[in-house]
Amino acid sequence: MLVSLNWLNEYIDVSAYSPEELAEIITKTGIEVESVEPVAEGVTGVVVGHVTSCMQHPNADKLNLCQVDVGEETLQIVCGAPNVAVGQKVAVAVPGAVLPGNFKIKKTKLRGEASNGMICSLQELGVDEKDVPKEYAEGIFVFPEDTEIGADAVSELNLDDLIIELGLTPNRSDAMSMAGVAYEVAAAIDGAYTLAEEKVETIDEKASDLLTVEVDDPEANPYYGAFVIKDVQIGPSPLWMRNRLTAAGIRPINNVVDITNYVLMEYGQPLHAFDYDRFGSQTIRTRRAEDGEKIVTLDDQERTLNSRHLVITNGEQPHAIAGVMGGAESEVQEDTTTIILEAAYFAPSVVREASKDHGLRSESSSRFEKGVDPNRVERAGKRACELLQKYAGGRVLEGNASFDKLDRSEKQVTVRTSVINDRLGTEISNEEMADIFRRLQFVYNQDGEQFDVTIPTRRGDITIFEDILEEVARIYGYDNLPFTLPEGESQAGGLTVNQQLKRRVKAYFEGAGLHETITYSLTHKDKAVMLVSPEVEEAAESPVGLAMPMSEDHAYLRLSILPELLESLSYNVARRQENLAYYEVGTVFISDEEEVTKQPSEMLRASGALTGDWTSHLWQQEKKAVDFFVVKGIVEGLGDQLGLSFTYEKAKLPSMHPGRTAVIRHGGRVIGFAGQVHPKLQKEFGLKETYVFDLNLEALFQSYEKEETFRVIPRHPSVSRDIALVVDEDVSAGAIEATISEAGAPLVKDVQVFDVYQGEHLEAGKKSLAFRLLYLDPVRTLKDQEVEEAHEQILAAVKDKHEAELRG
Amino acid sequence: MKERLEQLKQEALQKVENADSIQGLKDIRVEYLGKKGPITEVLRGMGKLSKEERPVIGQLANEVRESIADAIEAKQTGLEDEALEKQLEEESIDVTLPARPVHVGGPHLLTSIVEEIEDLFIGMGFEIKEGPEVETDYYNFEALNLPKGHPARDMQDSFYVTEELLMRTHTSPVQARTMGARNGAEPVKMICPGKVYRRDTDDATHSHQFTQIEGLLVDKHVRMSDLKGVLNAFAKQMFGAEREIRLRPSFFPFTEPSVEMDISCKVCGGKGCSVCKGTGWIEILGGGMVHPNVLEMAGYDSSEYSGFAFGMGPERIAMLKYGVDDIRHFYTNDIRFLEQYHKA
Ligand SMILES: [Zn+2]
Chain A
1 MLVSLNWLNE YIDVSAYSPE ELAEIITKTG IEVESVEPVA EGVTGVVVGH
51 VTSCMQHPNA DKLNLCQVDV GEETLQIVCG APNVAVGQKV AVAVPGAVLP
101 GNFKIKKTKL RGEASNGMIC SLQELGVDEK DVPKEYAEGI FVFPEDTEIG
151 ADAVSELNLD DLIIELGLTP NRSDAMSMAG VAYEVAAAID GAYTLAEEKV
201 ETIDEKASDL LTVEVDDPEA NPYYGAFVIK DVQIGPSPLW MRNRLTAAGI
251 RPINNVVDIT NYVLMEYGQP LHAFDYDRFG SQTIRTRRAE DGEKIVTLDD
301 QERTLNSRHL VITNGEQPHA IAGVMGGAES EVQEDTTTII LEAAYFAPSV
351 VREASKDHGL RSESSSRFEK GVDPNRVERA GKRACELLQK YAGGRVLEGN
401 ASFDKLDRSE KQVTVRTSVI NDRLGTEISN EEMADIFRRL QFVYNQDGEQ
451 FDVTIPTRRG DITIFEDILE EVARIYGYDN LPFTLPEGES QAGGLTVNQQ
501 LKRRVKAYFE GAGLHETITY SLTHKDKAVM LVSPEVEEAA ESPVGLAMPM
551 SEDHAYLRLS ILPELLESLS YNVARRQENL AYYEVGTVFI SDEEEVTKQP
601 SEMLRASGAL TGDWTSHLWQ QEKKAVDFFV VKGIVEGLGD QLGLSFTYEK
651 AKLPSMHPGR TAVIRHGGRV IGFAGQVHPK LQKEFGLKET YVFDLNLEAL
701 FQSYEKEETF RVIPRHPSVS RDIALVVDED VSAGAIEATI SEAGAPLVKD
751 VQVFDVYQGE HLEAGKKSLA FRLLYLDPVR TLKDQEVEEA HEQILAAVKD
801 KHEAELRG
Chain B
1 MKERLEQLKQ EALQKVENAD SIQGLKDIRV EYLGKKGPIT EVLRGMGKLS
51 KEERPVIGQL ANEVRESIAD AIEAKQTGLE DEALEKQLEE ESIDVTLPAR
101 PVHVGGPHLL TSIVEEIEDL FIGMGFEIKE GPEVETDYYN FEALNLPKGH
151 PARDMQDSFY VTEELLMRTH TSPVQARTMG ARNGAEPVKM ICPGKVYRRD
201 TDDATHSHQF TQIEGLLVDK HVRMSDLKGV LNAFAKQMFG AEREIRLRPS
251 FFPFTEPSVE MDISCKVCGG KGCSVCKGTG WIEILGGGMV HPNVLEMAGY
301 DSSEYSGFAF GMGPERIAML KYGVDDIRHF YTNDIRFLEQ YHKA
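Sequence order for the protein chains is A and B. First residue of the first sequence? That's 1 in our numbering, and the numbers climb one at a time after it. First residue of the second sequence? That's 1 in our numbering, and the numbers climb one at a time after it.
Honestly, the hints are just simulated from the structure, not real lab data. Treat the hints with caution; some may be incorrect.
Unchecked claim - The calculated EDC-like cross-link candidates involving lysine to aspartate or glutamate, where the alpha carbons are at most 16 Å apart (straight line), are:
| id | chain 1 | residue 1 | chain 2 | residue 2 |
| --- | --- | --- | --- | --- |
| 1 | B | K195 | A | E742 |
| 2 | B | K148 | A | E34 |
| 3 | A | K28 | A | E165 |
| 4 | B | K321 | B | E116 |
| 5 | B | K271 | A | D422 |
| 6 | A | K598 | B | E115 |
| 7 | A | K801 | A | E698 |
| 8 | A | K680 | A | D526 |
| 9 | A | K801 | A | E705 |
| 10 | A | K688 | A | E578 |
| 11 | A | K502 | B | E115 |
| 12 | A | K502 | A | D722 |
| 13 | B | K26 | B | E115 |
| 14 | B | K277 | A | E34 |
| 15 | B | K321 | B | E296 |
| 16 | A | K502 | B | E118 |
| 17 | A | K598 | B | E164 |
| 18 | A | K405 | A | E214 |
| 19 | A | K411 | A | D467 |
| 20 | B | K220 | A | E20 |
| 21 | B | K277 | A | E32 |
| 22 | B | K277 | A | E37 |
| 23 | A | K502 | B | E80 |
| 24 | B | K271 | A | E742 |
| 25 | A | K598 | B | E116 |
| 26 | A | K525 | A | E567 |
| 27 | A | K356 | B | D157 |
| 28 | B | K277 | A | E165 |
| 29 | B | K277 | A | E20 |
| 30 | A | K199 | A | E386 |
| 31 | A | K801 | A | D730 |
| 32 | B | K9 | B | E41 |
Unchecked claim - Listed next, the stretches of chain B that the computed footprint assigns to chain A, with coverage defined by at least 3 CB atoms under 8 Å from CB atoms of chain A:
| id | region |
| --- | --- |
| 33 | 78 to 91 |
| 34 | 95 to 105 |
| 35 | 199 to 208 |
| 36 | 233 to 242 |
To be verified - Derived list of chain A stretches under chain B, where covered just means 3 residues or more per stretch with a C-beta under 8 Å from a C-beta of chain B:
| id | region |
| --- | --- |
| 37 | 316 to 328 |
| 38 | 487 to 497 |
| 39 | 540 to 548 |
| 40 | 571 to 580 |
Ideal Cβ placement from N, Cα and C applies to all residues, glycine included.
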């Protein structure tokens with residue numbers, strides 16, 4: 001809502017406040033002032049001039065040589081505007097004048113002729129292009145004939161006005177009018193304002209003799225009033241009205257349209273004028289549109305209607321979409337003489353549907369959608385009649401033709417001072433309370449601390465106790481509320497075990513050298529189902545998609561964090577940042593339904609993606625690229641953090657390197673995977689060798705058990721033994737390790753591979769694996785013989801299971 | 001004999017003095033103090049001496065032996081120190097050469113901010129609640145006093161999955177769920193951080209995915225002044241003790257009265273500058289007293305229980321606190337951006 005300060009000041013005296021102070025007061029009492037800006041910044045030295053002669057420039061076809069009387073002198077000015085003519089009153093920037101953008105006007109010569117100033121268009125004076133009347137859009141502005149020569153054009157055009165832009169919340173539609181803003185400001189500054197009575201002189205004829213109104217759907221249209229005005233003369237509206245509309249951001253058109261728009265701004269009540277002679281009947285009937293029914297609206301668009309829309313018809317065909325836009329057929333035109341003025345109440349939901357369906361958001365629909373004041377509908381019609389009589393030469397017929405089932409009753413809310421104080425934490429007295437209601441102009445009956453408050457219908461947002469509470473609080477001043485702390489029983493705040501674990505996991509990854517990322521959960525369909533861990537891969541058959549995505553790139557819910565992580569790597573690599581180690585902890589979305597009907601389950605996962613060098617120390621010629629074992633190390637470390645052990649099994653997974661990928665298990669259950677991204681996919685992302693891991697954190701957290709008992713620190717030294725085994729090359733180290741651990745239990749506490757060999761000293765197809773075994777009994781020193789026996793058992797087991805031979 | 005011992009002593013000490021290696025010293029030790037050495041020899045010849053002379057010579061021999069041994073030891077220590085010094089000299093490095101880097105990652109800026117806020121409210125006795133990102137229309141809207149067709153639903157155009165399911169547009173449904181689970185009897189004191197989604201085209205100030213933290217306190221006798229007190233405590237801890245707060249009226253469908261909270265501008269100290277658009281204040285969060293409809297729908301008797309709720313955007317806070325100029329930075333994950341805020 002754009003509020004002209006000059007206009008406001010005419011309703012309520014705000015001259016005691018600077019614009020900044022006023023903005024602050026309005027903001028603090030309830031409506032945010034978003035800006036205070038002049039209509040046109042920094043315009044000086046522009047006066048009204050009279051064009052006394054206008055000839056073609058001797059040396060230029062498109063220029064005119066004008067003599068302009070500016071009061072004290074007559075200036076010769078070269079003017080290029082196509083509409084300049086003798087006799088016009090125009091805006092002249094005299095030498096020394098300043099136009100927006102600090103553009104200084106000087107005496108000059110144009111094509112050999114002296115030009116001592118500039119005749120200005122509205123745009124040149126800083127008026128917004130969209131607010132300039134069409135007839136002046138391509139040329140200079142022309143003042144009404146009676147404008148005084150030499151007058152200050154800046155004030156004639158209201159360019160020195162300030163525009164206060166209000167950011168209205170949806171509940172404050174009452175402030176979508178100058179009257180509403182005046183009531184609000186009056187309450188804020190404890191000033192006086194009441195909307196003035198309309199004064200209409202009518203002729204003897206009655207509107208109801210010319211028209212009848214029928215309403216099919218009273219719920220959608222509880223009130224319809226049609227006024228009739230005869231003998232109107234279409235022409236420009238007075239300059240002051242045009243100025244006010246311009247200030248409100250509405251382009252002036254002609255007196256009839258301008259008057260309906262002016263009343264819209266003044267009362268917040270949208271009105272519509274039909275050309276009586278083009279309406280085609282004496283019956284106005286409002287009804288639901290038929291499915292497929294068509295109307296050509298004022299903007300010359302043909303629109304197809306349906307039963308959600310309400311239309312104003314002449315009994316047969318529609319002449320307007322109720323509350324949204326009029327029809328072209330009965331539009332007020334140059335030759336219009338009799339008009340039907342509609343002042344109606346349309347149900348908010350009906351207007352909202354129609355404006356949404358047709359993509360038409362207008363000053364009119366935005367007010368109906370929020371609900372207009374039922375007690376101001378008819379008054380607004382009368383106000384328009386008053387202005388049409390004054391400024392369009394109209395003769396107003398008595399009364400109106402109407403349908404009326406509108407509820408105009410005022411609601412009552414009963415409040416008690418003590419309850420309000422209890423809820424606000426204040427100590428407001430009964431007298432102060434009464435004063436607040438007086439400022440708001442809410443009528444009340446007081447009985448001690450009880451107030452029966454009558455809510456004026458202009459404040460449709462107030463219906464319950466809490467609404468009154470807010471009114472009291474804001475007029476009392478939020479600033480005046482004390483600072484207190486809740487008095488309820490205090491509880492200990494804190495993190496749940498899983499929240500603590502999540503923080504620990506993140507801290508671990510970061511300590512291990514990974515940077516946390518946050519990527520989008522909504523992704524492209526292809527990426528939603530890419531790199532999905534085997535334990536949830538079934539869900540990838542039916543990814544969850546949005547009903548109406550904004551773009552293909554964010555249309556589906558991710559089943560894996562990895563594709564967007566790769567996207568992040570890719571972004572960096574493209575910018576020459578090639579050594580990257582990223583992780584993300586986040587949710588993926590799993591649905592087992594073909595067609596989603598219930599909420600997908602949301603699973604917390606931890607994923608990582610690494611590419612480039614893992615370590616590099618240039619001057620010592622050390623450099624180590626990320627490889628499978630780096631990623632495995634990170635995963636293992638996480639296991640240590642949570643006290644969980646994992647096993648790895650080579651696996652072929654889609655989009656992963658078939659020889660460098662492992663499925664990860666914990667306690668036999670698949671909890672994720674790790675490995676190199678398939679080179680084809682790497683290429684698609686513009687990445688070199690890239691390794692990833694993806695873990696089901698939720699499953700890991702379930703398995704986590706907090707260590708709560710003390711374990712004895714071994715007092716006795718461990719014994720280490722090495723063995724080198726020769727096995728077939730496809731036997732995995734992990735399998736042998738598992739056999740050793742099992743056969744060596746309980747004495748073998750740790751098994752480590754320390755050498756892997758394959759080559760000329762071995763038979764083809766064989767490899768040698770060397771293990772270091774750690775024997776330990778926590779409570780006593782081991783005897784050599786015991787170790788020997790265990791060692792023999794281990795050798796037997798690996799021979800039996802893996803045909804492993806001791807390497808000679 | 002006496003002379004012989006004196007002579008040996010002089011001779012040995014001279015040799016020790018001249019020795020230039022540990023090995024040389026060892027040789028001297030063997031030569032003079034060994035079993036076949038001259039001093040042993042002297043001692044062996046003591047049999048020929050008179051009873052009176054024997055102890056004198058014996059003592060002298062021992063003294064000679066000791067002084068030679070001491071001299072050797074002293075010299076050895078000297079030589080060893082010298083050798084070590086030389087070795088250390090050779091081991092000298094250029095300490096200005098680059099270090100071997102220790103790679104440490106770090107949290108995302110939004111995580112740092114969210115955890116900081118979490119910790120502040122944990123300190124005030126709040127618990128942290130989480131909830132689903134794909135929500136039902138009921139919890140996302142209806143339970144929050146936004147029935148179907150409510151005009152305020154336009155404020156937050158949403159991503160629907162089905163007619164009844166959507167990407168949550170705020171974390172408030174977690175409040176509704178938490179309240180609902182208490183059967184209208186127990187107090188609630190919680191904050192809920194999380195990802196939320198809105199139909200916005202991504203640009204410098206809009207993101208279709210962003211983060212929100214909301215808080216809720218429901219109990220008997222909760223006052224609006226409590227909201228002011230709690231938010232003030234939060235703002236001072238989060239933004240600095242010198243910052244002032246102010247509340248001004250606003251509108252949210254799930255609160256009544258509603259507030260918007262501003263903090264005084266850090267840049268100009270409240271005088272007005274370009275950062276605060278000349279007002280001296282910067283908008284930080286929205287909140288209010290929980291709307292009675294919301295309490296009733298969650299099973300609370302709104303004449304007995306009251307509460308306050310508030311919500312804020314960590315992205316906005318990060319942008320204000322660190323001057324991040326484009327919301328897309330949070331989701332692009334440029335390493336240069338991520339690394340910048342690891343200390344944050
Ligand atoms: Zn500032």
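Against the structure, the hints:
1. A hinted pair counts as satisfied when its Cα atoms are at most 16 Å apart, and B/K195 with A/E742 does not qualify at roughly 46 Å.
2. Of the supplied pair hints, the one linking B/K148 and A/E34 is violated, its CA atoms being roughly 30 Å apart against a limit of 16 Å.
3. Under the criterion of a C-alpha separation no larger than 16 Å, the hint pairing A/K28 with A/E165 is consistent with the structure, at around 15 Å.
4. Taking the CA atoms of B/K321 and B/E116, the gap is about 13 Å. The hint holds against a cut of 16 Å.
5. Using a Cα cut-off of 16 Å, the hinted pair B/K271 and A/D422 is violated, with the two alpha carbons roughly 35 Å apart.
6. For the proposed pair A/K598 and B/E115, the alpha carbon gap of about 31 Å is over 16 Å, so the pair is violated.
7. Between A/K801 and A/E698 the alpha-carbon distance is near 35 Å, which puts this suggested pair outside the 16 Å criterion.
8. Of the supplied pair hints, the one linking A/K680 and A/D526 holds, its CA atoms being roughly 15 Å apart against a limit of 16 Å.
9. Pair hint A/K801 plus A/E705 does not hold up; C-alpha atoms about 33 Å apart against a cutoff of 16 Å.
10. The straight-line distance between the Cα atoms of A/K688 and A/E578 is roughly 9 Å, inside the 16 Å bound, and the hint therefore holds.
11. For the given pair, A/K502 sits about 12 Å from B/E115 by alpha-carbon distance, which is consistent with the 16 Å threshold.
12. At roughly 39 Å between alpha-carbon atoms, A/K502 and A/D722 are farther apart than 16 Å, so this suggested pair is violated.
13. A threshold of 16 Å between alpha carbons decides the hint, and for B/K26 with B/E115 the separation of about 69 Å lies outside it, so the pair is violated.
14. Distance hint between B/K277 and A/E34 is fulfilled; the C-alpha atoms sit about 9 Å from each other, no more than 16 Å.
15. A hinted pair counts as satisfied when its Cα atoms are at most 16 Å apart, and B/K321 with B/E296 does not qualify at roughly 38 Å.
16. Proposed proximity of A/K502 and B/E118 is supported: the alpha carbons are some 14 Å apart, at most 16 Å.
17. Using a Cα cut-off of 16 Å, the hinted pair A/K598 and B/E164 holds, with the two alpha carbons roughly 9 Å apart.
18. Between A/K405 and A/E214 the alpha-carbon distance is near 12 Å, which keeps this suggested pair within the 16 Å criterion.
19. Our distance criterion of 16 Å between C-alpha atoms is met by A/K411 and A/D467, whose separation comes to about 12 Å.
20. Between B/K220 and A/E20, the direct Cα distance comes to roughly 41 Å. Violation of the 16 Å bound is thereby established for this hinted pair.
21. For the proposed pair B/K277 and A/E32, the alpha carbon gap of about 13 Å is at most 16 Å, so the pair holds.
22. At roughly 12 Å between alpha-carbon atoms, B/K277 and A/E37 fall within 16 Å of each other, so this suggested pair holds.
23. For the hint pairing A/K502 with B/E80, the CA-to-CA distance comes to about 56 Å; that exceeds 16 Å, so the pair is violated.
24. Between B/K271 and A/E742 the alpha-carbon distance is near 75 Å, which puts this suggested pair outside the 16 Å criterion.
25. A distance of roughly 34 Å separates the Cα atoms of A/K598 and B/E116; the hinted pair therefore is violated under the 16 Å criterion.
26. Of the supplied pair hints, the one linking A/K525 and A/E567 holds, its CA atoms being roughly 14 Å apart against a limit of 16 Å.
27. Distance check on the hinted pair: A/K356 and B/D157 sit about 13 Å apart at the alpha-carbon level, within 16 Å; holds.
28. Proposed proximity of B/K277 and A/E165 is supported: the alpha carbons are some 14 Å apart, at most 16 Å.
29. Proposed proximity of B/K277 and A/E20 is supported: the alpha carbons are some 12 Å apart, at most 16 Å.
30. Of the pairs offered as hints, the one joining A/K199 and A/E386 holds, with about 6 Å between alpha carbons and a cut-off of 16 Å not exceeded.
31. Note on A/K801 and A/D730: the hinted pairing holds, with a Cα-Cα distance of about 13 Å set against a maximum of 16 Å.
32. Of the pairs offered as hints, the one joining B/K9 and B/E41 holds, with about 14 Å between alpha carbons and a cut-off of 16 Å not exceeded.
33. With 0 residues having a beta carbon nearer than 8 Å to a beta carbon of chain A, the region 78 to 91 of chain B misses the requirement of three or more and the stated coverage is violated.
34. Counting residues of the region 95 to 105 of chain B whose beta carbon lies closer than 8 Å to any beta carbon of chain A gives 7, which meets the minimum of three for the stated coverage.
35. Counting residues of the region 199 to 208 of chain B whose beta carbon lies closer than 8 Å to any beta carbon of chain A gives 3, which reaches the threshold of three, so the coverage claim holds.
36. A count of 1 residues in the region 233 to 242 of chain B with a Cβ less than 8 Å from any Cβ of chain A is obtained; the coverage claim is therefore unmet, three being the minimum.
37. Judged by the Cβ-Cβ criterion of 8 Å, the region 316 to 328 of chain A is not covered by chain B as claimed, because only 0 of its residues qualify and three are needed.
38. Counting residues of the region 487 to 497 of chain A whose beta carbon lies closer than 8 Å to any beta carbon of chain B gives 10, which reaches the threshold of three, so the coverage claim holds.
39. Requiring three or more residues with a Cβ within less than 8 Å of a Cβ of chain B, the coverage given for the region 540 to 548 of chain A holds, as 5 such residues are present.
40. With 5 residues carrying a beta carbon less than 8 Å from a beta carbon of chain B, the region 571 to 580 of chain A meets the three-residue requirement, and the given coverage holds.
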